[in-house]
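Okay, here's what each chain looks like letter by letter:
Protein chains: 2
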Amino acid sequence: MPELRKDPVVGRWVIVASERAQRPNDYRATAPALRNGPCAFCEGHEEATPNEILAIRPGGTRPNAKGWQARVVPNKFPALRIEGGLDKRGNGIYDLMNGVGAHEVVIEAPQHLLSITELPVSGVRNVLWLFRERMADLKRDQRFAYAMVFKNQGEAAGASMEHSHSQILVTPIVPLLVEEEMRGAKQFYDFRDRCIFCDIVEQESRLQERLVLDEKNFVAIAPFASRFAFETWILPRTHLGRFEEIPDTLLTELAQVLRTTLRRIEQALASPAYNMVLHSTPFSSGNAPWYHWHIEIIPRVTRVAGFEWGSGFYINTVPPEDAAKFLREVRDA
Amino acid sequence: MPELRKDPVVGRWVIVASERAQRPNDYRATAPALRNGPCAFCEGHEEATPNEILAIRPGGTRPNAKGWQARVVPNKFPALRIEGGLDKRGNGIYDLMNGVGAHEVVIEAPQHLLSITELPVSGVRNVLWLFRERMADLKRDQRFAYAMVFKNQGEAAGASMEHSHSQILVTPIVPLLVEEEMRGAKQFYDFRDRCIFCDIVEQESRLQERLVLDEKNFVAIAPFASRFAFETWILPRTHLGRFEEIPDTLLTELAQVLRTTLRRIEQALASPAYNMVLHSTPFSSGNAPWYHWHIEIIPRVTRVAGFEWGSGFYINTVPPEDAAKFLREVRDA
Numbered sequence: 000m001p002e003l004r005k006d007p008v009v010g011r012w013v014i015v016a017s018e019r020a021q022r023p024n025d026y027r028a029t030a031p032a033l034r035n036g037p038c039a040f041c042e043g044h045e046e047a048t049p050n051e052i053l054a055i056r057p058g059g060t061r062p063n064a065k066g067w068q069a070r071v072v073p074n075k076f077p078a079l080r081i082e083g084g085l086d087k088r089g090n091g092i093y094d095l096m097n098g099v100g101a102h103e104v105v106i107e108a109p110q111h112l113l114s115i116t117e118l119p120v121s122g123v124r125n126v127l128w129l130f131r132e133r134m135a136d137l138k139r140d141q142r143f144a145y146a147m148v149f150k151n152q153g154e155a156a157g158a159s160m161e162h163s164h165s166q167i168l169v170t171p172i173v174p175l176l177v178e179e180e181m182r183g184a185k186q187f188y189d190f191r192d193r194c195i196f197c198d199i200v201e202q203e204s205r206l207q208e209r210l211v212l213d214e215k216n217f218v219a220i221a222p223f224a225s226r227f228a229f230e231t232w233i234l235p236r237t238h239l240g241r242f243e244e245i246p247d248t249l250l251t252e253l254a255q256v257l258r259t260t261l262r263r264i265e266q267a268l269a270s271p272a273y274n275m276v277l278h279s280t281p282f283s284s285g286n287a288p289w290y291h292w293h294i295e296i297i298p299r300v301t302r303v304a305g306f307e308w309g310s311g312f313y314i315n316t317v318p319p320e321d322a323a324k325f326l327r328e329v330r331d332a
Numbered sequence: 000m001p002e003l004r005k006d007p008v009v010g011r012w013v014i015v016a017s018e019r020a021q022r023p024n025d026y027r028a029t030a031p032a033l034r035n036g037p038c039a040f041c042e043g044h045e046e047a048t049p050n051e052i053l054a055i056r057p058g059g060t061r062p063n064a065k066g067w068q069a070r071v072v073p074n075k076f077p078a079l080r081i082e083g084g085l086d087k088r089g090n091g092i093y094d095l096m097n098g099v100g101a102h103e104v105v106i107e108a109p110q111h112l113l114s115i116t117e118l119p120v121s122g123v124r125n126v127l128w129l130f131r132e133r134m135a136d137l138k139r140d141q142r143f144a145y146a147m148v149f150k151n152q153g154e155a156a157g158a159s160m161e162h163s164h165s166q167i168l169v170t171p172i173v174p175l176l177v178e179e180e181m182r183g184a185k186q187f188y189d190f191r192d193r194c195i196f197c198d199i200v201e202q203e204s205r206l207q208e209r210l211v212l213d214e215k216n217f218v219a220i221a222p223f224a225s226r227f228a229f230e231t232w233i234l235p236r237t238h239l240g241r242f243e244e245i246p247d248t249l250l251t252e253l254a255q256v257l258r259t260t261l262r263r264i265e266q267a268l269a270s271p272a273y274n275m276v277l278h279s280t281p282f283s284s285g286n287a288p289w290y291h292w293h294i295e296i297i298p299r300v301t302r303v304a305g306f307e308w309g310s311g312f313y314i315n316t317v318p319p320e321d322a323a324k325f326l327r328e329v330r331d332a
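Chains as they are written, first to last, in numbering that gives the first Met the number 0: chain A, 0 to 332; chain B, 0 to 332.
Rather than coming from a laboratory, the hints here were simulated on the basis of the structure. Errors might be hidden in some of the hints.
It does not matter which identical chain is meant; a pair holds if it fits inside one copy or across any two.
Stated by the list, open to error - Restricting the straight-line Cα-Cα distance to at most 30 Å, the calculated cross-link-like pairs of lysine-lysine (DSSO-like) are: (1) K5 to K324; (2) K65 to K87; (3) K75 to K324; (4) K185 to K65; (5) K324 to K138; (6) K5 to K185; (7) K65 to K324; (8) K75 to K185; (9) K5 to K215; (10) K324 to K87; (11) K185 to K87; (12) K215 to K65; (13) K5 to K65; (14) K215 to K75.
Let the hints inform the model, and build the full structure from the sequences given.
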């Protein structure tokens, strides 16, 4: 059983999941080789994954067979286990609990596509729809506090399979960075009675210099204090705290905005590795009018060096205004 | 002039330093090629670096000439500038200030060594002595709040020069992670009237299972909630908040402990890239009996994937007990 351990100083939780690991001796070897298709995620190889949890099957085909457009399966090497209680406990000054949670994979296409942007808007919408449905379902489990929906694109971003996919990791605690966002946003709200993310959307729409995309219901921006070169966030204009409550009417536009944003990053930076993370109000939070779901995209074009790790302090050599201008001016291929 | 910008939600400061950058168009190319020696850091090439700030010259040779054992020079491409005022200001909901600070390079050897462990203990001691002297000097500047002393070893850890060196980045604000450590440690102190790092040293010395080295005045441990495989911390046994106050009598033992720890990591993991960061009480803090300086070493043997970035939540596949055992059993070559 994996363990969740808390850093006694800063309160950061870490999953210690040795079952996923190579043995220490194996650490001399590094990067896992990505396999070329067809792979375990391809249509016709459904037996290579654990049984599907949810899938889009327009023809009404049966589970774990051909005929799907996108499917969600349990991660074959889960970082957390779905069964059992948390068994929270101490060990001297340390705190830990069982590594209970869920770890699912969203396979985004039946073909061996290397990027979600190779899908049409309707295919991207399928993926977003699956995110929403899985979050709404997993939220019902009282043990779970947060669902991290994320994508590692490319080997340099941590992907171990090249077939386009995302992951959902559901944890019994709220991750530190989300807790900090909640805390900061609440401070702002307590003082001004406004959501800070709404203020960001308003200010960026007005100033325009950091806008990447300016659509009816969404904006894509280079955030003012971007940690990374070409970091890009997508935010809904209308306040909404929880991604799992996004109405159907917005899913198609979000799919189009996400697809266009990622295509521009791919074209501008020669299809870089990137990470994408959905931020949403924790399951375990009550009504939190200060928080606003959004998507963060981090191209991996520069290395993160030691002092960033050791300090949580970043050097970004591309001003967000320059990055936004560059991405605005990309001609769609 | 670089800018310091504050993330309006979590309060994280970022250096936006476009002068160091390639232009956006250049971001298609990635990794800088490390040059083979002899290089600008080698003895006899002193004119290739800015004028030295401090050096160890046992023969009393003149500055910026041959005859040194280790030297400190300004970074040729500084992330922050030494001149000028902070000019703190707002921009709508955002906060920023001028990128004022210091950015120095500690060249660890006159020969083109690729690792600090190729130096004898006395050479490592020289480096630690320079860290201490520079911190004590920089602290006198009232504009500065924190000195980050760090080392990027190897290209994968962000090094752009292969000649063994460290960096000192002095900032007008306290980095978020250090502030969190200070806050967490103070909470513990307020409740228990003890330093949590002293408690960690005590518990780890007693349990032994996460001990890597157990010396008279220092321990090296795999921390209980290690974020990374083979993460290793070095802590002094006796409470001391500020590295710049370390007495001469401890420097030689620390040099030996650091050298042995790094050598074991190099031997166990085939000389991996790693980052090393010194954590010390901020210049700007008053007396803070809850904080305890220490060194964190993070081998870069696994990739950090998207959800770690997006959440501050880590998966570590090597339990620290296994990592410590493995490093304890390395036979010194």
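Please work out whether the CA atoms of K324 and K138 approach to 30 Å or closer within one copy, between two copies, in both situations, or in neither? This pair counts as neither: shortest intra-copy Cα distance 39 Å, inter-copy 39 Å.
What label fits K215 with K75 when the C-alpha limit is 30 Å: within, between, both, or neither? This pair counts as neither: shortest intra-copy Cα distance 39 Å, inter-copy 46 Å.
At most 30 Å between C-alpha atoms: does K185 with K65 qualify within a copy, between copies, both, or neither? neither (47 Å within a copy, 58 Å between copies)
With identical chains, the pair K65 and K324 could be close in the same copy or across copies; at 30 Å between alpha carbons, which is it: within, between, both, or neither? Intra 43 Å, inter 48 Å, cutoff 30 Å: neither.
Checking K5 and K65: alpha-carbon separation at most 30 Å within a copy, between copies, both or neither? neither (43 Å within a copy, 50 Å between copies)
30 Å Cα threshold - placement of K87 relative to K324: between (49 Å within a copy, 26 Å between copies)
Copy assignment of K65 with K87, given that the CA separation must stay at most 30 Å: neither (42 Å within a copy, 61 Å between copies)
Are the CA atoms of K75 and K185 at most 30 Å apart within a copy, between copies, both, or neither? neither (38 Å within a copy, 42 Å between copies)
Identical-chain pair category, K75 with K324, by Cα at 30 Å: Result: close only across copies, 29 Å inter versus 41 Å intra.
30 Å Cα threshold - placement of K87 relative to K185: Cα proximity of K185 and K87: in one copy and across copies (28 Å, 24 Å).
How would you classify K215 and K65 at a CA-CA limit of 30 Å: within, between, both, or neither? Neither, since 37 Å and 65 Å both go past 30 Å.
Homo-oligomer pair classification [K215, K5; C-alpha up to 30 Å]: between (42 Å within a copy, 28 Å between copies)
The structure fails to meet hints 2, 4, 5, 7, 8, 12, 13 and 14 from the earlier list, while all remaining hints are met.
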